[in-house]
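I would like the entire structure built from these sequences, with the hints used as guidance.
2 protein chains.
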Amino acid sequence: MSKVHNYSAGPCILPQEVLQKASEAVVNFNDLNLSLLEISHRSKDFVEVMENARSLVKELLEVPEGYQVLFLQGGASLGFLIAAYNFLPMGEKAAYINTGTWAANSIKEAQRVGDIVEVASSKDKNYSYIPTGFGIPNDAKYLHFTSNNTICGTQFKQTPISRIPIICDMSSDIFSKKIKVSDYDLIYAGAQKNMGPAGTTVYIVKESALGKTGNNIPAMLDLQTHIKKDSMFNTPPVYPIYVSMLNLQWLKKNGGVDWIEKINNQKADLLYNEIDRNSLFEGVTAVASRSNMNATFVLKDENLTEEFNKAWTAANISGIKGHRSVGGYRASMYNALPLESVQVLVDVMKELEISKG
Amino acid sequence: MSKVHNYSAGPCILPQEVLQKASEAVVNFNDLNLSLLEISHRSKDFVEVMENARSLVKELLEVPEGYQVLFLQGGASLGFLIAAYNFLPMGEKAAYINTGTWAANSIKEAQRVGDIVEVASSKDKNYSYIPTGFGIPNDAKYLHFTSNNTICGTQFKQTPISRIPIICDMSSDIFSKKIKVSDYDLIYAGAQKNMGPAGTTVYIVKESALGKTGNNIPAMLDLQTHIKKDSMFNTPPVYPIYVSMLNLQWLKKNGGVDWIEKINNQKADLLYNEIDRNSLFEGVTAVASRSNMNATFVLKDENLTEEFNKAWTAANISGIKGHRSVGGYRASMYNALPLESVQVLVDVMKELEISKG
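Protein chains in written order, with this note's numbering: chain S, 11 to 367; chain U, 11 to 367.
Be aware that one or more of the hints could be misleading.
Since the list gives no way to pick one copy over another, a pair counts as held whenever it fits inside one copy or between any two copies.
Said to hold, decoys possible - Dumping the calculated BS3-like pairs for lysine-lysine here, alpha-carbon to alpha-carbon at most 30 angstroms:
hint, residue 1, residue 2
1, 216, 366
2, 331, 239
3, 272, 68
4, 310, 54
5, 238, 133
Derived by calculation from the structure, the hints in this document are not laboratory data.
Pasting the structure below:
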């Protein structure tokens, strides 16, 4: 079979060599003649996986001393609550930027803990831009934002300037570009975009910032619980962590975050240039806020929909239908999507324009 | 390589044919030419997996009308909190039976929500028996117990008689024997024993019992959230759910819970009979409380330890070292462990006795 150009918004494309190794481990892991799925998480072999995965995160993101890396469960949706419980004293104030569905959900959960000030929002234009020029109350305990909006296709191009600690949900762009971890007290991210398969969530947390809320935090939601137990308070999601480790090894071997950031820029430039150049298409989001991960665009003439859909399907492209709340198309260009796949899509767009004369 | 007799306490042995299919899906799922790990959880192909998994639970356990089946994250440790939030109005009373480490942890988490009455405990004898003959306060909102103690090797042989609703953590014996779901308002169980690999937790809940606490429950901890979204409120742990589905298909194909219960009884009888017969060994737990899943035993003469360890290692047995809090040996005989593996262990025990004349 010919290759599928997989633009899925997440869970999403992973490198072929990662999938190959991941498949082998299910029948015979580390030549133990046992599956990775049927050994104890306390075994030497799995403890090594966990420690490798944590070290790779530190190495690839140049995590400074004093930060801890954890692989937990529950996705960013549980992270919304974990962030608030661990950093917001009950009833006190935190500042949130609302740039989409997930940001709005993070606000809703944090409101169970304290007083949430929405310091900026792009809801007025269906989340199609990243707000700028807003104030942050000095008495807020932290500023929370979502680095990339997967649904609409917007992305923060730099960390907001803030005098208070920053917490960020980086689910859809972590490991896609260089970040400065010391800018943040907490970074959390569901694995299922650039890190690995669904089922684990990475937390990168400044240890000295924890334990200051006075909140009575349930054990599983307390980051200190998990730090004390080296991310093994209870049985961890073994397989998602293993595949994440393989994927981070792949990233490291190929040149790390610097390397992938260049390629991600190339892919985004290639596609956005075509969206802007091609008379049949237009982008959905503000140019300055365009996401390198998820490019959203529409056909100017909706009557061409069927023809365009046939053309990209014939080119073996999958997963570019837009989210139901936005419509049109969404091309997700996560780390493992090769530049060639973007070229195939761009060619289909060009050919459609040529065929219309 | 010859076969490993895998007695791991969890994550634990899974059927070879399940592992084979699970391995294939990582490179090519449903002939899509895509990995199961890289497709959307909203795709037709994965929605079918989720629905099959939920249906298989209903079918295999004869779940009555009015109950919902969910596949969530966080393990039983998050379940401790979910149970209390969903069933215990803030500050009110619930009854708990303390039969081991996990039961004790369930109490600790529930104490964040209400007033927990420990109606019975076997802590006085290092959790080596299941307590009987205790009273349950009528004004408690529910009775909570842990059906099987994996660490010490005890198991409830019947559901406690109770006039109040019952909640049970069945992590280590669900699907190992027939149960009457209508006895319970909530059953929850981490997958990594008889259901599948680590990374998902099944909830079987009586829908009409929910929504009555008046608690302001965080979205991810509210079972009603997940029911409304057909267990897909956020990205589910795709792979652990898929492998669980394969494993439940294997159970169904072979004869279901009735079939496996007979085999599990045979395995337990074979091993416990040898423990009782063999002059070198003795069991750790009260005979009436012995677990069919985890048999714990010790050498009467510790000086034979090295010799015995060499002998079972040579027989390709793995994972029978006892938990550090109990010592000795623990042979976990989960569903996928064949009777032949138990025979191999029994033979090693017999031979040791013969060699000692």
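Going down the list of hints, with the structure as the test:
In this assembly of identical chains, residue 216 and residue 366 lie within 30 angstroms of each other by CA distance neither inside one copy nor across copies; the values are 56 angstroms within and 58 angstroms between. Only between protomers do residue 331 and residue 239 lie at most 30 angstroms apart by alpha-carbon distance; the minimum there is 21 angstroms, versus 42 angstroms within a single protomer. Only within a single protomer do residue 272 and residue 68 lie at most 30 angstroms apart by alpha-carbon distance; the minimum there is 20 angstroms, versus 50 angstroms between protomers. Within a single copy, residue 310 and residue 54 get their C-alpha atoms only as close as 58 angstroms, which misses the 30 angstroms cut-off; across copies the closest is 29 angstroms, which meets it.
With identical chains, the CA atoms of residue 238 and residue 133 are at most 30 angstroms apart between copies only, with a shortest distance of 25 angstroms across copies and 40 angstroms within one.
Comparing the model with each numbered hint stated earlier shows that hint 1 is the single one that does not hold.
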